[in-house]
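Chains as they are written, first to last, in UniProt numbering: chain R, 1 to 365; chain B, 1 to 255.
Cross-link-like lysine to aspartate or glutamate pairs, in silico, DMTMM-like; alpha carbons within 20 Å at most:
(1) K147/B x D18/R
(2) K147/B x D206/R
(3) K127/B x D137/B
(4) K147/B x E342/R
(5) K147/B x E10/R
No wet-lab data here; the hints were simulated from the structure.
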Amino acid sequence: MRIHFKTSYENDIRLFPDWWSFLVYAVLVAGAVILPWLLDDFFLGEVTNVLIWAIAGLGLMLLTGQTGQASLGHAAFLAIGCYSCIILMENGLPFLLAFPLAGVITGVFGTLFAIPAVRLHGIYLAIATIALSVLADDIIVLLEPWTDGVSGKFAPMITIFGLEIERWTTPDRFYWLVLAVTILCTLAYRNLLRAPLGRAFAAVRDSEVSATAMGVHIAFTKAAAFGLSCAITGLAGALMGFYAGAFNNETFSIVISISLLMMIVIGGLGSIHGAFFGAIVIAFLPQALSMATDTIGGMIGGGNVAIPGLETGVFGAILILFILFEPMGIYGRWLKIRTWFELFPFARKDMFKRQKSYLKTERLR
Amino acid sequence: MSLLEINNATLKFGGVVAVNDLSFSVEEGEVYAIVGPNGAGKSTVFNLISRFYEPFSGQIAFDGQNLLDRRADAVADLGIARTFQNIELFDHATVLQNLLVGRHRHRRTNMIEEMLFTPRVRREEHKHREAVERVIDFLDLQPYRNKMIAGLPYGVRKVVELGRALSSDPRLLLLDEPASGLSVEETQDMRWWIDDIRKQMGITVLMVEHDMGLVSGVSDRVLALADGAKLAEGAPAEVQSDPAVIAAYLGTGAV
Ligand SMILES: Nc1ncnc2c1ncn2[C@@H]1O[C@H](COP(=O)(O)OP(=O)(O)O)[C@@H](O)[C@H]1O
Ligand SMILES: [Mg+2]
Numbered sequence: 001m002r003i004h005f006k007t008s009y010e011n012d013i014r015l016f017p018d019w020w021s022f023l024v025y026a027v028l029v030a031g032a033v034i035l036p037w038l039l040d041d042f043f044l045g046e047v048t049n050v051l052i053w054a055i056a057g058l059g060l061m062l063l064t065g066q067t068g069q070a071s072l073g074h075a076a077f078l079a080i081g082c083y084s085c086i087i088l089m090e091n092g093l094p095f096l097l098a099f100p101l102a103g104v105i106t107g108v109f110g111t112l113f114a115i116p117a118v119r120l121h122g123i124y125l126a127i128a129t130i131a132l133s134v135l136a137d138d139i140i141v142l143l144e145p146w147t148d149g150v151s152g153k154f155a156p157m158i159t160i161f162g163l164e165i166e167r168w169t170t171p172d173r174f175y176w177l178v179l180a181v182t183i184l185c186t187l188a189y190r191n192l193l194r195a196p197l198g199r200a201f202a203a204v205r206d207s208e209v210s211a212t213a214m215g216v217h218i219a220f221t222k223a224a225a226f227g228l229s230c231a232i233t234g235l236a237g238a239l240m241g242f243y244a245g246a247f248n249n250e251t252f253s254i255v256i257s258i259s260l261l262m263m264i265v266i267g268g269l270g271s272i273h274g275a276f277f278g279a280i281v282i283a284f285l286p287q288a289l290s291m292a293t294d295t296i297g298g299m300i301g302g303g304n305v306a307i308p309g310l311e312t313g314v315f316g317a318i319l320i321l322f323i324l325f326e327p328m329g330i331y332g333r334w335l336k337i338r339t340w341f342e343l344f345p346f347a348r349k350d351m352f353k354r355q356k357s358y359l360k361t362e363r364l365r
Numbered sequence: 001m002s003l004l005e006i007n008n009a010t011l012k013f014g015g016v017v018a019v020n021d022l023s024f025s026v027e028e029g030e031v032y033a034i035v036g037p038n039g040a041g042k043s044t045v046f047n048l049i050s051r052f053y054e055p056f057s058g059q060i061a062f063d064g065q066n067l068l069d070r071r072a073d074a075v076a077d078l079g080i081a082r083t084f085q086n087i088e089l090f091d092h093a094t095v096l097q098n099l100l101v102g103r104h105r106h107r108r109t110n111m112i113e114e115m116l117f118t119p120r121v122r123r124e125e126h127k128h129r130e131a132v133e134r135v136i137d138f139l140d141l142q143p144y145r146n147k148m149i150a151g152l153p154y155g156v157r158k159v160v161e162l163g164r165a166l167s168s169d170p171r172l173l174l175l176d177e178p179a180s181g182l183s184v185e186e187t188q189d190m191r192w193w194i195d196d197i198r199k200q201m202g203i204t205v206l207m208v209e210h211d212m213g214l215v216s217g218v219s220d221r222v223l224a225l226a227d228g229a230k231l232a233e234g235a236p237a238e239v240q241s242d243p244a245v246i247a248a249y250l251g252t253g254a255v
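Pulled out of the complex, with its shape left as it was, chain B reads as follows (with noise of 0.2 Å):
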């Protein structure tokens, strides 16, 4: 059984079909790359796995769970976490904070324990901070941890969302064009970070991404899409070559 599978999901958005009858699988400690011209419908499988938006037909499922019987609340409980392509940070409270933020699901404490801040509140409180400190060590945060987030570069705040999301211990990370806007040297970290997620932390990877580089160099399988349908899978080098693929992509100009 594949952690994520996808069968036959279709929407629409008035005229237009954002994903058209499209199926796929991501299996347990891969790295899975979906690519494709702006436009395709790649954010919108990643809205459709949130459930952000409710699909026209077809299935989710999550490690053999229905995804379509949860609310998008409910979502991250079953250990996916995701980032966004327009960063979503929560701009007016600290690093520290939108990391603790990625920890919500593991809140096991209610509102009146937390406003008398008992001793359970205390030990749970040391959990999470452990658990975002290893994070903020992780992507080299440290300098940024009580900087509020509104006035950081764009390039922190990116690492700053992929730290949100790896705090909340995902099985399945995803993310939307990881390195969209970032230099060639935040490129190439972001590159070794995907890299150790999935081999020391053990965390399967379903990205969007255009830098045709990064993709090959990190993931094991890819998917290109076209028009919401899928237009080829498999290994990188296979996909980039693939002259349906091409075509995709000289046919819009967008490479």
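So here's chain R without its partners, still in its complex pose (with noise of 0.2 Å):
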């Protein structure tokens, strides 16, 4: 059992609570850099794969776990950020410029999403997100011109500095990228969280009420989240469409979007680790399923069965069993089987019992 003594608010503020957990983390980092030489090239484009979703994620989960708002219009901030990634370096912009720009061209589309969206709550919210999840399949089809439409297109070779960097020739390149991206992203938003802003958001989620009454802007709160979110998915999207190598108007469909949101819930709202978690399951359940089928299919003797729908009713039932059952998803789950072995054997068996809150009525009298 690790016992935390507080000598300073440093100790508070720092990124690593001991020295115990920074070696745990520079372990997972260091292990993370050597992969390509540890892995073969399919493994290791999973592995991206991964990345770039929890990248995703990230975006997603300082939305909705950080700031309380649903969004299941995420996939056209995936597609906003990679068209523009990709239209940018069309035109001549250097990899490095583009990328962070299409970071902040998304970003600036979602905080102008926000400024009507933040007045809705709850289910209208994801209602309205909904619509736009739907509009832009035809938005970029209209812009034929620009975005090629059904057609789609090819992400160009990535060059930093000379060094060639592409999904299928440079595997390890192209994973060394995304790792950095993703550590890039997952330190900001971790910052956030020990500073005003990322309390603010928190803020906004518990109690609006509260939140204004300490000066918290609701409105332009929310419109930062939105901002932040949609620029780190912005980032992810752009990734996503040079690990894809093609994409059109039908990549980042709604289908997507609905993924992107479950993965969250599944891997636990409100955390970094849950949307790492999420994006395993995500990344690796489609994989997992066609083996099971094959399994099973080589088993009755039918050879490979394809059963439609699968995918998505597997991920349903999932998530119905985590609200129904985990609602702090995998990373609260793994929190508690930490905590019994820290405390072994003084654990005790209600030592997690849900606790009952008494109901919010007439807020304010």
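Hints given; two lone chains; assemble the complex.
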């Protein structure tokens, strides 16, 4: 069991609460850096995919987990990030400029969308964002001169200071690029959480009245959350474009929006870990399912059985199970297991029983 | 000039006149209590000061400035902090984080700096945490420092809410029923704290409270309210023995 002794405020502000957790994360990052020497290209590609989803997850987590604003429109922002990065590069901008700019552009779009949308709450906001997801497809087709509509676009080669990076020919370099972006986004997210704006996000999520009474500008804070969330999502979208190699109006469909939202709920709302755990599930579930159907197909002698809608069905079932039995997601479950080991043998069975909270009626009276 | 001045404020909800042509003022450094039966309009007065409700007519001024041309989130900037009758904390955050939100009006850094966590952000964080740590010591909240609000006992939440308001270094503190639902010992603590808040920290307190023991123990002046209008105002003993006040309480059966 680790015991924290508070010696100064610095301890609370630090990125890592103690040497042990610093060590754990250092080993994790070191392991991630040497991964291309340990895995073959196929698995490295899968891990790259997980990281890209995790970045997108961080983007949505900031909005939904941190600020409490559900969005089913994030596929549209993935698309904006992807198209703007690649169109900028086609017009001669180097990747190192086009990529961050794509984030900024997506962030601006997110903020513009937020200005009317922040007045909406809960399910109404979700519906408005669904509209965004649905519209994105049509808008991409309408903007054919720029987006090449239905025929789609191919991602160009990335060059950074003469170094060529491409998903298929240099999967290791592409992986490191994605890893670097992942680490930077995670750090920025983490920094926000220990600073005033991150706390204002949580305040808006949990009680708008008292956040207002403490001087938090609700609309501004929500718009900031939308902007930041979309900027991160835009970066993920650009990376998805490079990962896929080719994309068109159907690449960023509403199914992607739904998967993204499911992913952060399954991973654990409101935590950075949740985005990563969720990404692992989302990225590996299709593989696991196809392996399972192959095995079952082999056993009943029917060869490869294709069950339409299986993936979506299994996702839905997992989501429902999590909401019923583990609303804190995989990260919540992980915390419980860790606490159990740390306290061993003193853990009590009812320690994690959900506490009944009083109802908030007549909020202001 | 008084710190807080309310002149002829009126607010109606449909047919209900919640606040009826009410005027009173709170002097710098005093503890001013509002009493009255349920539904008298006490919380509504607080919500008018917080700018959650727009008065039908009348003026509200704080330190000579017109409160009515401020947005609700700009009220805190003047140094007005409050608690709520039905505790409004940030349930999925820790006690420490809740108190730090109280510092929001002292935020001097922008989004970009905070994402990079520049040295300036770090210095500011030190200041915020120093201020919050003083509040934690003052209210004996050390054992709960890193606990989530969801899961804390009611009495502790009440204290955390007071702490969050204090963390903002207010000039005026609005307490809506600070002792409701508290045990006798907890109420006693609340009484010492309100005394210290006024005497040591020099903060003016405006509170709504039903516990007459607490009201006469800490307040300099009391305003009795019924149906949104002023019944009586004066020293605690005076107001308590005022025939109109006694009648109002007996009339509604709420003592
Ligand atoms: N948001 C609201 N909408 C409609 N009526 C309200 C609202 N807030 C308060 N009221 C009414 O105004 C009157 C005063 O309420 P309130 O200020 O909460 O009383 P109390 O003195 O118990 O705090 C009550 O009749 C109440 O029903
Ligand atoms: Mg009330």
